[in-house]
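I would like the entire structure built from these sequences, with the hints used as guidance.
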Amino acid sequence: MSNFFSPARFSRLFIKHSQEHYARYLMSMVVLVGVMVMGGSFLIYMINTSLDPVFQMLLYAWLLLLGGTIFTSTIFAEYGNSKKVITKLSLPASHFEKYLVAWLYSFVILFIMVTVSFYGVMAFLINVKHFPQQRPELFNLLQRPGALQFPIIFIVLVLYSLLHSIIFYGAIHFKSLHFIKTAFLFFIAIAVMMCGNKLLYDLLFKKDTIAGLPFTNVAYLEKGRVVVINLADNKEFYSLIMYMVLAVMFWIAAYFRLKEKQA
Amino acid sequence: MIEISDLSFGYNKQPLLFNNLNLQLEQGHIYGLLGKNGAGKSTLLKNMAGLAYPKKGKCLLNGNSVSGRSVSILEEIYFLAEDVYVPSFTPAKFVANTAGFYPKFSKSDFYTYLKALDVDENAVMDKQSFGQQKKAMIAFGLATNTSLLIMDEPTNGLDIPSKVQFRKLIASVLTDERCIVISTHQVRDLDSLIDTLLILHEKEILVNRPMDEVVEKLTFGFYADTEGLKPLYEEKDMRGTNAILENTTGRFSKVDLELLFNAIICGNKKIVELLKAP
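From first to last, the protein sequence lines stand for chains L and U.
Anchor point for the first sequence: position 118 equals 118 in full-length UniProt numbering, and the numbering is continuous, going up by one each time.
Anchor point for the second sequence: position 213 equals 213 in full-length UniProt numbering, and the numbering is continuous, going up by one each time.
Everything labelled a hint here was simulated from the structure, so no lab data went into it.
Certain hints may be false.
Said to hold, decoys possible - So the derived label-pair ranges between C-beta atoms look like this:
| no. | chain 1 | residue 1 | chain 2 | residue 2 | range |
| --- | --- | --- | --- | --- | --- |
| 1 | L | Lys181 | U | Ser5 | 47 to 57 Å |
| 2 | U | Leu16 | L | Lys175 | 14 to 24 Å |
| 3 | L | Ala211 | U | Asn62 | 40 to 50 Å |
| 4 | U | Asn22 | L | Met193 | 33 to 43 Å |
| 5 | U | Ser129 | L | Lys259 | 32 to 42 Å |
| 6 | L | Phe42 | U | Leu16 | 56 to 66 Å |
| 7 | U | Cys266 | L | Phe256 | 40 to 50 Å |
Said to hold, decoys possible - Here are some chain L residues the structure puts well away from chain U; computed CB gaps all over 12 Å:
| no. | residue |
| --- | --- |
| 8 | Leu13 |
| 9 | Ile15 |
| 10 | Met29 |
| 11 | Asn81 |
| 12 | Val85 |
| 13 | Ile86 |
| 14 | Leu91 |
| 15 | Pro92 |
| 16 | Phe150 |
| 17 | Ile241 |
Note that the Cβ used here is the ideal one computed from N, Cα and C, for glycine as well.
And the structure:
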């Protein structure tokens, strides 16, 4: 059998992982649905907010990005536990198979579960109380709101890929407090990148530019007006491609970190 | 089978635990790895199993490096950790979802070993005592039939009848194709079990000798008085003296592992020289 990937061995590993963790995953699912129901009910009844499609879209994006990253941060927790790590590393399955099981659970399966449960809860919540002049409507993941080039699902998936890849790397890199440590370093890195970006733009444009995220536009003040320089065409496409490239780099780094892991 | 050459290992930002360590282990033997707490026994075993990567040197299993943890290598190694982890399964369920990873696993052997060690196959493992958990994992490890079986402090947590049963089982599973390495600091637990003695002390393997060669070179005995005997090492108690003497008569005695271990870690150079001599 291949030392890199064997479908039979991978299936065995996937089943083993599912059997060992299904209780925790089901509980996480129940908590997620509980948060959605409680949060949605609070919005509807306590602050009398209607869940229109745009609001639903924002809630969905936040829920996926936050819930997904929190869940992903625990996916390699056993590799940080001195008792469990030996069992995990010495199990005769390839690093790629072990990696793939974690990736599938924290990315594909999580995305499907969050999306399905979100739509289920929203379908319930938008019908539980009717607001005048507002017909109950679920947001469509395939729609393109405003001037966006791509459907929401595409943008959400790219953003989730980026955040997932970073937290996925943090989950295998750190032994404990994976979410806090990764988030801490992430925000520091963002701050450093914004400062570095500004310094670079200042040098390139010889102007006092406004600090911004890498792979976005350049802005500066001129005669009291904000001037924004952007790519003429496909600006979203290039940004999303850059985010995906970063995501793939972090996923690859996580794989090699898993290979390097020691007990 | 296992060939360790010029192995240097140390944990991050800590001094080296081993420096240019060399060791060869052969099939068909039960090796007893002795060392003080903190000598690096567990770390050496982890290096053998590919669970820790050396800073320098290499560790080969049948000519292949263990460091990459390739599946074909992992299928040939079972590592029983000192602190075992058991999932919330019965032994039967655990076997159903884990045994398939080991091509030579024998279910019938597993249930035989469970019975011999008095472990209930229908009891959820993580609800059992530590000793029962350990015995279940020992049974699993033995049943994998891997060519290299590494056990780190396997008798920790076992009661006296279980230790006896453990020794019997280990002796019964040894074949010409199998190599068993057992580390412990409870030296007496390995009495009458190991056939080759390894002593790890101060970053190196001070002793690597078959037990029958140890008794060819040394005589162990209890004496009322050792005056005139020229003992190499002795420990006095209220009844008399336990002593190690050079075997000049050719008569065999029973190895007192604890006494020998104490002599070596106390820095008894004469004994080490005798055991190192061809």
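Status of the hints after comparison with the structure:
1. Range check, Lys181 of chain L to Ser5 of chain U: Cβ separation about 38 Å, and the 47 to 57 Å hint is violated.
2. With their beta carbons about 22 Å apart, Leu16 of chain U and Lys175 of chain L fall inside the hinted range of 14 to 24 Å.
3. The hinted window of 40 to 50 Å between Ala211 of chain L and Asn62 of chain U is violated, with their beta carbons roughly 58 Å apart.
4. Checked against the hint of 33 to 43 Å, the pair Asn22 of chain U and Met193 of chain L fails, with Cβ atoms roughly 49 Å apart.
5. Judged by the Cβ atoms, the range 32 to 42 Å given for Ser129 of chain U and Lys259 of chain L holds: they are separated by roughly 36 Å.
6. The given range of 56 to 66 Å is respected by Phe42 of chain L and Leu16 of chain U, whose C-beta atoms sit roughly 59 Å from each other.
7. At about 46 Å, the CB distance of Cys266 of chain U to Phe256 of chain L agrees with the hint of 40 to 50 Å.
8. For Leu13 of chain L, the condition that its CB be more than 12 Å from all CB atoms of chain U is violated, with the nearest at approximately 8 Å.
9. Annotated as non-interface, Ile15 of chain L brings its C-beta within 12 Å of a C-beta of chain U; the closest such distance is 6 Å.
10. Under the 12 Å C-beta cut-off, the non-interface status given to Met29 of chain L relative to chain U holds; the minimum distance is some 19 Å.
11. Residue-level check failed: Asn81 of chain L sits 8 Å from the nearest beta carbon of chain U, not beyond 12 Å.
12. The claim that Val85 of chain L lies off the interface is violated: its Cβ sits roughly 8 Å from the closest Cβ of chain U, which falls inside the 12 Å cut-off.
13. Distance to chain U contradicts Ile86 of chain L as a non-interface residue, since its nearest Cβ pair spans about 4 Å, not more than 12 Å.
14. Leu91 of chain L, annotated as away from the interface, has a beta carbon of chain U within 12 Å; the closest lies near 6 Å.
15. Pro92 of chain L, annotated as away from the interface, has a beta carbon of chain U within 12 Å; the closest lies near 4 Å.
16. At the 12 Å boundary, the C-beta of Phe150 of chain L stays outside the reach of chain U, the nearest C-beta of that chain being 40 Å off.
17. Listed as a non-interface residue, Ile241 of chain L keeps its Cβ farther than 12 Å from every Cβ of chain U; the least gap is roughly 33 Å.
Checked against the numbered hints above, the structure violates hints 1, 3, 4, 8, 9, 11, 12, 13, 14 and 15; every other hint is satisfied.
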